[in-house]
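Asker: Whole structure, please, built from the sequences with the hints as guidance.
Residue numbers (my numbering), protein chains in the order written: chain A, 1 to 408; chain B, 409 to 732.
If you're looking for bench data, these hints aren't it; they were derived computationally from the structure.
Ideal Cβ placement from N, Cα and C applies to all residues, glycine included.
Mixed in with the good hints, there may be bad ones.
What the hints assert, rightly or not - Some chain B residues close to chain A (C-beta under 8 Å, calculated; not the full set):
| # | residue |
| --- | --- |
| 1 | 435 |
| 2 | 436 |
| 3 | 437 |
| 4 | 628 |
| 5 | 638 |
| 6 | 675 |
| 7 | 680 |
| 8 | 682 |
| 9 | 683 |
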Amino acid sequence: MKSASRRRLRDVFLSAGAVMTVLVGASAHAQERETIKIGYAVSKTGANAGGAGITTIPNYQLWINDVKEAGGLELPDGSKLPIEVIEYDDRSSAEEVVRAVERLATQDEVDFILPPWGTGFNLAVAPLFDRFGYPQLAVSSVTDKAPEFVERWPRSYWMLGGGEDYTDALATLLAEQRDAGTINGKIAMASVADGFGIDLVTAARASFEEAGFETVYDKTYPVGTSDFSPIVNEAATTDADTFVAFSYPPDTFALTQQAQVSSYNPKVLYLGVGVGFPVYGEDKPNAEGVMSLGGIAPDNESNMAYRKRHKELTGQGPDYWGSVITYASLQMLQEAIKRVGLDRDKVSEELSNGTFETVLGETKLEDNQLRTLWWTGQWQDGVFVGVAPQGRSGASKVKLPKAAWQAQ
Amino acid sequence: MTMRLAFGFSLAAAALAALAFAPFYVGPYQVGLLIGLAGYVTLSSAWALFSGPTRYVSLATVAFFGIGAYTVAALNEILPYPLVLLAAAGVGLGIALIVGLSTLRLAGVYFVIFTFGLAELVRQLVTWYEVNVTGTLGRYIFMSFGPEEIYWQLLALMAATLFVSWCIGRSRLGLALKIIGDDEVVAAHCGIDIARTKLALFALSAVIITLVGAIQAPRWTYIEPGIVFNPTVSFLTLIMALLGGANRLWGPALGAVPLFLLFEWLSANFPDHYSIILGLLFIAIVFILPGGVLAFVERALAHSKRVTGNAERVREPGTAEARQ
Chain A
1 MKSASRRRLR DVFLSAGAVM TVLVGASAHA QERETIKIGY AVSKTGANAG
51 GAGITTIPNY QLWINDVKEA GGLELPDGSK LPIEVIEYDD RSSAEEVVRA
101 VERLATQDEV DFILPPWGTG FNLAVAPLFD RFGYPQLAVS SVTDKAPEFV
151 ERWPRSYWML GGGEDYTDAL ATLLAEQRDA GTINGKIAMA SVADGFGIDL
201 VTAARASFEE AGFETVYDKT YPVGTSDFSP IVNEAATTDA DTFVAFSYPP
251 DTFALTQQAQ VSSYNPKVLY LGVGVGFPVY GEDKPNAEGV MSLGGIAPDN
301 ESNMAYRKRH KELTGQGPDY WGSVITYASL QMLQEAIKRV GLDRDKVSEE
351 LSNGTFETVL GETKLEDNQL RTLWWTGQWQ DGVFVGVAPQ GRSGASKVKL
401 PKAAWQAQ
Chain B
409 MTMRLAFGFS LAAAALAALA FAPFYVGPYQ VGLLIGLAGY VTLSSAWALF
459 SGPTRYVSLA TVAFFGIGAY TVAALNEILP YPLVLLAAAG VGLGIALIVG
509 LSTLRLAGVY FVIFTFGLAE LVRQLVTWYE VNVTGTLGRY IFMSFGPEEI
559 YWQLLALMAA TLFVSWCIGR SRLGLALKII GDDEVVAAHC GIDIARTKLA
609 LFALSAVIIT LVGAIQAPRW TYIEPGIVFN PTVSFLTLIM ALLGGANRLW
659 GPALGAVPLF LLFEWLSANF PDHYSIILGL LFIAIVFILP GGVLAFVERA
709 LAHSKRVTGN AERVREPGTA EARQ
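Answerer: Have a look at this one:
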């Protein structure tokens, strides 16, 4: 018993010592300004790596490369400072992304932090960006609550719209086609049981009902589903002319494949994330007419030049939805620094009120949100073009009914 | 003996006080670290509370952790915060009792598989409920307090867990658990109510884990099943407890602190090679420290005392897990 209590004592010492070592750990020290520090934490591994590896990471790399080639970031006095980049992997863990941003803000003392990938992760770090005074240009997050978030975190910027924006645009577009007699008023719908799928399908139910559509089939499938023959075959037995699926990349490809196998060719085929990937539709005749979220204006030269450079530098083409907006958000940051310097409050103010020339064209935020977006796109001749809102310059005309599947 | 005990207690109290005042002296990053440390020390100590003596390896940690987080997300706008925590503890207790009653008769690898499945089951149930009833998968937690308050709550829970663990280790209940862990048949013949004892410990352990999830949830602002039911939490808890030694009061803490700091150091300095280095380290740990750090230290001490070599064999309680 004696030795037991002595052991316990020793353990107390040991564990207390271990904790104190951490506390005394490195504290940052000030230094002469020779560089501008840019930091970010993004999911390089884990469940989110797929999305981050397409929309976020290549664009960060492209921008960093562009800035380095330009000799650094320009300041208001015309001088240029090179950038120093600190990059962390959040391993698709919410706790990890929170700690990595704390580390960037207080240990590395970076000048600006680029946001992580995903709605959940952007929300997880939003209070930190706000507390430490960093502007947060959240691109890869679709949320209807952006106006509330802006009120709560005045330095947060929401660049990809909300679920309702996309489903309202789709409902408007479909209603026009119905009134023109191209399609009937019935819709079959599927959605993935994850944040994105559920938010969009909830918004879609309201949008479609408001537009006078009848939803004859509405099924949610679990994440990781690999056999889509029941969904496709059941949808095929309905008399709906429109099939809408708010799906994730693996499902989007599987649904497309299954529709071909089952010879199911609805007049409108609208699928979720993945349709906008270059690999889905470039040089793939069967993608002709498939619709989804996002799109580009093919006559926008700066965007086309950006796509070319993206492919040259990263070896893969950018997707047709979030990629270009990610890059544009970085250009806005760069331009704001050039106009007002490194003071983060002033940069935030400039981001809120300024007008910027980016790869999207002239870009201006409304209430800290980017509202000029392509809500609906369609593959036409190997390019995923924006078809809604119709009034926006550069909009292509939607081609319906979609082309027949070609034999493979 | 009592002198030593008093000294030990005052030392632990002093360490606790130092930790409680730490946020006033360190930066926000260190507070974040302390939250992680307190969280994992509590998780692995709570895990070892049940799994250490009974040798039932549970992978259900994240099921209860996630339940705690979800309860906070569901109730944070309609109840005052202390009641939310109480409700989380209640939900955790209820589920632990149902699960415990139906499964604690399983043993060995069947129990491991079941607990792993339980985490997935709870996650799918929550998803099903959100999809079909509420129609939204993400929930928001907006709390008025910052990381310091989260840290203090976790620290208090950690102290309570270690104290409870210490009390149980000295009580009849603790003795009964040790006998159950060694041989259930013998335990039954000694007149120990095996089912009730195991259930009590399982429920206690689960309630603590649920509270850790509930307290940490406000740190994420937004939660969805994929975020809070991350199976890594279960595995890390288990590895930490085993590294330190699941049968000792301070074992899990001694495993959790160095491992957590190691993870942090690796992700800060080797973000691209994290997984590779981690895998190699785990292999090294299993080969070099199969019985846990404490057992290793004890053996080394005993060895240096008995260099003559004819002494009795050193007991290695920690190897029990390896045998399972």
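Asker: Take the hints in turn and mark each one as holding or not.
Answerer: Structure-based check of each hint:
no.: 1; hint: 435; result: holds (5 Å)
no.: 2; hint: 436; result: holds (5 Å)
no.: 3; hint: 437; result: holds (4 Å)
no.: 4; hint: 628; result: holds (5 Å)
no.: 5; hint: 638; result: holds (6 Å)
no.: 6; hint: 675; result: holds (6 Å)
no.: 7; hint: 680; result: holds (7 Å)
no.: 8; hint: 682; result: holds (7 Å)
no.: 9; hint: 683; result: holds (7 Å)
Going down the numbered hints, you'll see the structure goes against none, and every one checks out.
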